[in-house]
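Taking the hints into account, I'd like the entire structure generated from these sequences.
Each chain, letter by letter, is given below.
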Amino acid sequence: MTGSFAEFRRRTFSSIMFGLCAGGAALIISILLLVIGYLVWIGVSSLSWEFLTAVPTGDVANPGGMRHAIDGTIILVALASLVGVPIGVLAGIYLSEYPTEYAVTGPLRFIADVLTGVPSIVVGILGYELFVVPVSRWTQSTISYSGYAGAAALAFIMIPIVARTTEEMLRLVPKNYREGSLALGATRAQTIFRVVLPGAFGGVATGIMLAMGRIAGETAPLLFTALGSRLLTHNPAEPFPSLTLQIYTYATGPYPEQKRLAWAGILVLLAMLFVVNLSIRLIAARHARTRVGA
Amino acid sequence: MPASSLMTQPPVPSKPQSEPPQVELPARKRPITSVGAAGTGASGSQYPVIEAIKRGETPEPRRHESVMGVPAILEVKDFQLWYGQNKALHGISMPIADGKITSIIGPSGCGKSTLLRSVNRLNDLVDGVRTAGSISLRGEDVYARGVDVISLRKRLGMVFQKPNPFPMSIFENVVYALRISGERNKAVLEHACEKALRQSALWDEVKDRLRGSAMGLSGGQQQRLCIARAIVCEPQVLLLDEPCSALDPIATLRIEELILEIGQRYTVLIVTHNMQQAARVSDYTAFMYLGRLVEYGRTADIFQLPRLRETEDYVTGRFG
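Taken in sequence, the protein lines are chains A and B. Position 101 of the first sequence, counted from 1, bears residue number 101 in the working numbering, the numbering being contiguous throughout. Position 20 of the second sequence, counted from 1, bears residue number 314 in the working numbering, the numbering being contiguous throughout.
Treat the hints with care, since some could be wrong.
[Said to hold, decoys possible] A short, non-exhaustive set of chain B residues, derived as facing chain A with CB atoms under 8 Å:
| id | residue |
| --- | --- |
| 1 | R349 |
| 2 | L410 |
| 3 | N414 |
| 4 | N458 |
| 5 | M462 |
| 6 | F465 |
Simulated from the structure, these hints should not be mistaken for lab results. Glycine residues also receive a C-beta, built at the ideal position from the N, C-alpha and C atoms.
So, in structure tokens, the structure goes:
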């Protein structure tokens with residue numbers, strides 16, 4: 001009798017725990033769905049061809065579109081990647097492939113980890129001090145905010161992320177690839193660039209895309225660097241627009257039509273991140289197929 | 295040792311039927327006298343040499359006259375190696391016959407792979423490795439100061455336990471050694487690729503899919519691809535580190551046939567766990583134990599007329 005009571009307690013406890021875990025998962029998923037659903041509900045009604053192609057009119061009742069901001073975000077991410085990806089990948093190679101000779105690797109990895117967690121507003125201030133203030137001093141101009149400064153701040157966020165994911169992915173490449181290459185008389189650089197890096201290509205590409213997705217959604221680093229702009233510009237030497245900055249401006253402003261545009265902007269930004277993440281999945285899946293036997 | 299060593303434990307009397315045929319070992323015809331190492335007091339022991347080694351001594355190995363006289367391409371002289379504080383090789387001295395197949399046998403951890411990896415200085419990659427003594431390739435000490443390790447490795451081919459084709463096409467795998475030397479001429483690359491693949495008996499199976507990924511090949515094919523990759527630059531010595539230990543019996547048999555064929559063109563130094571394999575493929579056999587060379591001679595002699603009881607009992611599976 002006591003045995004069956006213990007059994008009953010065990011089963012009840014198990015059911016309760018399962019219920020709690022399932023409930024937690026359901027809660028998270030429903031919150032996510034709620035947010036996305038709300039966004040789509042409000043955003044879609046403001047989303048139009050005009051939103052994607054027109055630039056701000058200056059008329060608060062009929063504010064036009066966000067073409068400038070969409071272009072701006074794409075250009076900023078591209079510029080930041082141009083700087084951040086090579087530096088990040090090379091740093092990742094250094095961390096993974098040259099670990100034993102130099103004592104700096106450990107501290108370097110620690111610094112990269114700390115940098116990954118630095119609040120983005122700090123990066124914004126840093127970008128302001130490093131890229132905006134000096135430029136304004138040299139050029140004697142009052143406005144020296146620029147797309148370049150914004151891209152530099154974004155690259156600063158990107159580098160440690162890319163470096164750490166690259167390192168992790170390279171570490172997954174089996175040692176016998178490296179030995180096989182070195183035994184054939186390859187130099188270490190040849191081994192890294194011909195065998196190890198291609199072997200980890202999918203993983204490294206995933207890390208890069210993740211970092212691109214992360215910086216595309218950043219606002220704080222751009223506040224005092226790119227500043228934002230209501231003009232359609234492709235010249236990064238000028239104050240530069242971005243989706244996040246434009247959303248921030250419209251959403252905090254007093255005009256309902258602009259607020260509606262902010263919602264649509266958020267939707268577009270989310271769609272862009274969704275596409276990036278989807279490409280990551282595809283790359284990762286292909287990567288898994290080609291890595292058979294590794 | 296990796297898990298694959300399970301497959302290549304020293305043979306037990308009854309093998310599964312799929313195993314390659316056993317070499318017939320003659321019944322003992324003459325009594326063997328095991329001569330103890332100098333200074334050992336254990337006269338009553340069955341294996342005085344092994345026991346001397348276990349005590350930390352380095353008894354003089356039995357090197358047969360038949361192997362000492364041959365023209366050598368590699369000359370190992372009093373070679374010693376330490377992994378940090380652990381001494382892995384104790385004064386190994388042995389010539390490797392030019393143009394012949396030499397196998398190194400011995401139980402796990404006897405240092406045979408370490409010795410092989412010392413020839414192309416792959417042990418340099420391991421932290422805390424120190425060496426003493428010398429290994430000479432055609433009279434040049436590979437451990438001399440100022441030796442260009444890269445060009446040394448280009449003169450040696452190596453195949454590993456686990457097939458390790460690179461994540462690229464079959465063609466690019468084979469010509470890798472040429473690519474890294476800067477060869478760009480397509481005709482040269484294609485010619486070399488075909489030649490190496492024919493020599494490694496893989497050409498007919500892959501000639502229509504040279505641009506396909508090497509990862510799609512079976513384990514045995516991958517290992518033959520690795521052999522093709524290792525011989526594409528016509529190495530002076532081909533180093534094989536238990537090349538069949540991760541393969542099934544049929545693939546093993548094919549690789550063994552291939553080794554015999556390749557042995558007609560190249561000097562081959564093969565490390566193996568599998569005594570039958572050593573008996574089947576090699577001209578000379580060295581028996582190692584705990585980092586010491588124990589006996590070294592013609593393969594037929596090592597397997598049929600060994601001078602030490604230790605060797606005899608090891609090759610017949612009674613010890614080790």
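Okay, the hints, checked on the actual structure:
no.	hint	result
1	R349	34 Å, violated
2	L410	11 Å, violated
3	N414	6 Å, holds
4	N458	4 Å, holds
5	M462	7 Å, holds
6	F465	14 Å, violated
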